[in-house]
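**Student:** Chain by chain, the residues:
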Amino acid sequence: MSHAPAKASSETRKQLFRVWRGDKTAGTFKDYTATVTPGMVVLDVIHQIQAEQANDLACRWNCKAGKCGSCSAEINGKPRLMCMTRMDELPTDMPVVVEPMKAFPLIKDLVTDVSWNYDVKKKIKPFKPRKPDAPDGTWRMDQADVDRVQEFRKCIECFLCQDVCHVLRDHHKHEEFIGPRFLVYTAALEMHPLDTEDRLADLRKSQGLGYCNITKCCTKVCPEHITITDNAIIPLKERVVDEYFDPVTKLFKMFKKKT
Amino acid sequence: MSRVNVPLPQPRSLAETSRQDRWWVQPLAVFLGLTAFLVYANWAAFQASNFFASAAHPTVSLFGGTKSVAHYLSPMYSPVLYDIPGMTSGHAWFGEAPSWLVSLWDFIPGSYSPAFLILIFPAGFRLTCYYYRGAYYKAFWGDPLNCAVGEPGFRGKKYRGEAKLPLILMNIHRYFLYAALVFILILSYDALISYWFTNPDTGKGSFGIGVGSLILTINPILLGGYTLGCHSLRHLVGGKKDCIGAKGLRRTSYECVSCLNRGHMKWAWFSLVWVGFTDFYVRMVASGAWTDYRLF
Ligand code: SF4
Ligand code: SF4
Ligand code: FES
Ligand code: FES
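One line per chain: the protein sequences are R and H, in this order.
Each residue of the first sequence is one higher than the one before, counting from 0 in numbering that gives the first Met the number 0.
Each residue of the second sequence is one higher than the one before, counting from 0 in numbering that gives the first Met the number 0.
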């Protein structure tokens with residue numbers, strides 16, 4: 000940040016907010032002056048504006064604890080959770096800009112229609128475990144192998160990574176690319192020690208893994224700090240290389256299948 | 000996946016953003032850093048001289064002032080398969096280039112300097128490295144300029160990413176990795192012999208430590224940290240398996256590579272700068288501009 004964040008002051012202060020107001024047809028930024036008290040987060044201010052100055056301001060939220068993934072927006076240009084962005088980390092000498100996510104259709108004000116994501120999820124082949132290892136129907140796995148996919152299960156489906164990904168945001172490849180969130184989801188299934196399903200063909204063809212050009216923007220915005228690019232996407236890319244682009248591993252696999 | 004029933008917002012235009020931080024610093028730094036290295040590496044590779052220390056400019060002992068000849072070789076010219084006729088480096092694997100090779104040489108494109116044949120490998124390795132890819136896509140053709148910053152509009156929905164030609168070719172990265180692993184061995188050997196100095200009068204060799212020895216030693220260490228943290232290597236040593244296991248060689252290798260991989264960006268830059276500096280140092284010593292000192 001080029002501007003000094005406010006000192007963790009104990010004082011109440013005024014802060015200018017610039018909030019996007021509009022729907023799918025038209026919209027504009029509107030300025031509001033809010034009263035900021037210590038400990039407030041951006042979502043508190045939005046609620047204050049809603050209560051005192053703009054009763055019709057639409058925003059989505061639920062848990063106010065960074066766990067439901069509803070309050071995603073763009074704050075000072077960065078995709079973030081409104082409930083987890085503290086006022087004292089934002090610059091005070093300029094308006095705080097709050098806008099809806101850009102990679103999804105706008106419904107109203109700060110609320111976007113994220114239902115595309117749910118449709119994408121349905122197209123991913125579900126978990127298919129191998130036969131149980133023990134007669135009582137249970138399995139045996141090494142903890143270390145489970146730990147690897149555990150990271151991916153922290154996802155709260157805030158879709159901030161989808162929002163920042165330029166393949167969706169700027170290139171609108173919603174038809175051909177599933178986005179980082181669902182690459183993480185696929186990685187969790189594909190690398191699971193018990194899973195036997197093969198998702199590589201889908202990844203390469205209909206799900207557009209190749210569109211990701213590893214800019215790591217998704218990793219930077221993830222509020223759960225999932226190492227999306229390095230731990231999920233690149234390992235999937237390497238598996239696709241094994242299957243489709245590396246003549247040596249291909250030969251090796253053919254040979255293995257025959258014997 | 001076609002459930003976009005209301006229109007998507009208009010993509011932003013070039014460099015348009017609500018970000019208030021200095022988002023342009025990072026891509027600009029990458030642009031300048033890589034450009035500077037490319038310019039230097041090309042210049043150095045064109046020289047075809049001053050890439051090894053020789054008796055013309057011997058190393059001087061810091062204590063005692065006696066002179067000895069170091070065996071430093073620039074990493075940009077290693078390995079020397081054949082010596083350029085009339086230039087005995089002492090590093091050639093097969094001696095002086097035979098006449099048939101010299102006459103053939105003129106027909107090979109890029110034959111002005113043997114360094115280009117060597118540099119194809121490390122250059123290809125870095126060009127296809129996952130870290131550098133993400134970084135130079137931003138810095139060199141703004142795809143995107145930086146996260147949540149508008150792109151040049153011409154790509155639009157025609158964007159191909161790495162899904163189609165030409166960038167689909169990035170998938171050969173692991174083959175460059177194999178070459179890079181061999182290069183670490185070669186450069187480690189160069190580091191090893193940099194501790195050997197020859198007395199110009201008697202022709203006898205002895206162990207010693209010169210400033211150049213230290214520089215040539217740090218080089219394969221940084222390159223090793225970079226190469227051994229490669230994403231493709233991480234996949235090959237264990238990542239490709241769903242069950243790596245709790246113990247054993249595969250688990251240990253996977254954890255080691257993963258550990259280096261977390262700092263891959265830093266290793267990438269430090270090793271890049273150091274390769275350039277090592278060449279520069281050897282070049283300065285070889286040309287006599289700088290004197291190499293022997294500490295021991
Ligand atoms: S790393 Fe890939 S998936 Fe993540 S934001 Fe960049 S292009 Fe999108
Ligand atoms: S991966 Fe992270 S950024 Fe993406 S939806 Fe899940 S929690 Fe949000
Ligand atoms: S309100 Fe639940 S994550 Fe912000
Ligand atoms: S990913 Fe960077 S060297 Fe392989």
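Calculated directly from the structure, the hints in this document are not laboratory data.
One or more hints might be untrue.
Claimed, not checked - Taking lysine-lysine pairs in the PhoX-like style, the calculated list, with each CA pair at most 25 Å apart, reads:
| # | chain 1 | residue 1 | chain 2 | residue 2 |
| --- | --- | --- | --- | --- |
| 1 | R | Lys255 | H | Lys239 |
| 2 | R | Lys249 | H | Lys265 |
| 3 | R | Lys219 | H | Lys265 |
| 4 | R | Lys127 | R | Lys107 |
| 5 | H | Lys156 | R | Lys249 |
| 6 | R | Lys130 | H | Lys239 |
| 7 | R | Lys124 | H | Lys239 |
| 8 | R | Lys130 | R | Lys255 |
| 9 | H | Lys157 | R | Lys127 |
| 10 | R | Lys107 | H | Lys240 |
| 11 | R | Lys153 | H | Lys163 |
| 12 | H | Lys265 | R | Lys204 |
| 13 | R | Lys255 | H | Lys157 |
| 14 | R | Lys204 | H | Lys157 |
| 15 | R | Lys122 | H | Lys66 |
| 16 | H | Lys156 | R | Lys23 |
| 17 | H | Lys157 | R | Lys107 |
| 18 | H | Lys265 | R | Lys120 |
| 19 | H | Lys157 | R | Lys249 |
| 20 | R | Lys153 | H | Lys240 |
| 21 | R | Lys127 | H | Lys163 |
| 22 | H | Lys157 | R | Lys124 |
| 23 | R | Lys122 | H | Lys163 |
**Student:** What's the verdict on R:Lys153 and H:Lys163, does the C-alpha distance respect the 25 Å limit or exceed it?
**Tutor:** violated, 32 Å
**Student:** Just to be careful, I want the Cα atoms of H:Lys156 and R:Lys249 compared with a cutoff of 25 Å; is the pair within it?
**Tutor:** violated, 32 Å
**Student:** Given the hinted pair R:Lys127 and R:Lys107, is their Cα-Cα distance within 25 Å?
**Tutor:** The hint is violated at about 40 Å.
**Student:** Given the hint that H:Lys156 pairs with R:Lys23, does the C-alpha gap stay at or below 25 Å?
**Tutor:** Since the Cα atoms of H:Lys156 and R:Lys23 sit roughly 21 Å apart, the hinted pair holds (cutoff 25 Å).
**Student:** Hint check: R:Lys130 vs R:Lys255, CA-CA at most 25 Å. Holds or violated?
**Tutor:** Holds. R:Lys130 to R:Lys255 sits at ~22 Å (cutoff 25 Å).
**Student:** Verify the proposed pairing of H:Lys157 with R:Lys107, using a straight-line Cα cut of 25 Å.
**Tutor:** Violated - the C-alpha atoms of R:Lys107 and H:Lys157 are around 29 Å apart, more than 25 Å.
**Student:** For a C-alpha distance cap of 25 Å, please report whether R:Lys124 and H:Lys239 respect it.
**Tutor:** Roughly 19 Å between the alpha carbons, so the hint for R:Lys124 and H:Lys239 holds.
**Student:** Within 25 Å, alpha carbon to alpha carbon, are R:Lys204 and H:Lys157?
**Tutor:** holds, 17 Å
**Student:** Need the status of pair H:Lys265, R:Lys204: alpha-carbon distance at most 25 Å?
**Tutor:** violated, 33 Å
**Student:** Run the distance test for R:Lys249 versus H:Lys265: straight-line Cα separation, threshold 25 Å.
**Tutor:** violated, 33 Å
**Student:** Does H:Lys240 lie within 25 Å of R:Lys107 when you go C-alpha to C-alpha?
**Tutor:** Roughly 46 Å separates the two Cα atoms, so the pair is violated.
**Student:** Are the Cα positions of R:Lys255 and H:Lys239 separated by 25 Å at most?
**Tutor:** Judged against 25 Å, a Cα distance of about 16 Å means the pair holds.
The structure fails hints 2, 4, 5, 9, 10, 11, 12, 13, 15, 17, 18, 19, 21 and 22 (numbered hints given earlier, in ascending order).
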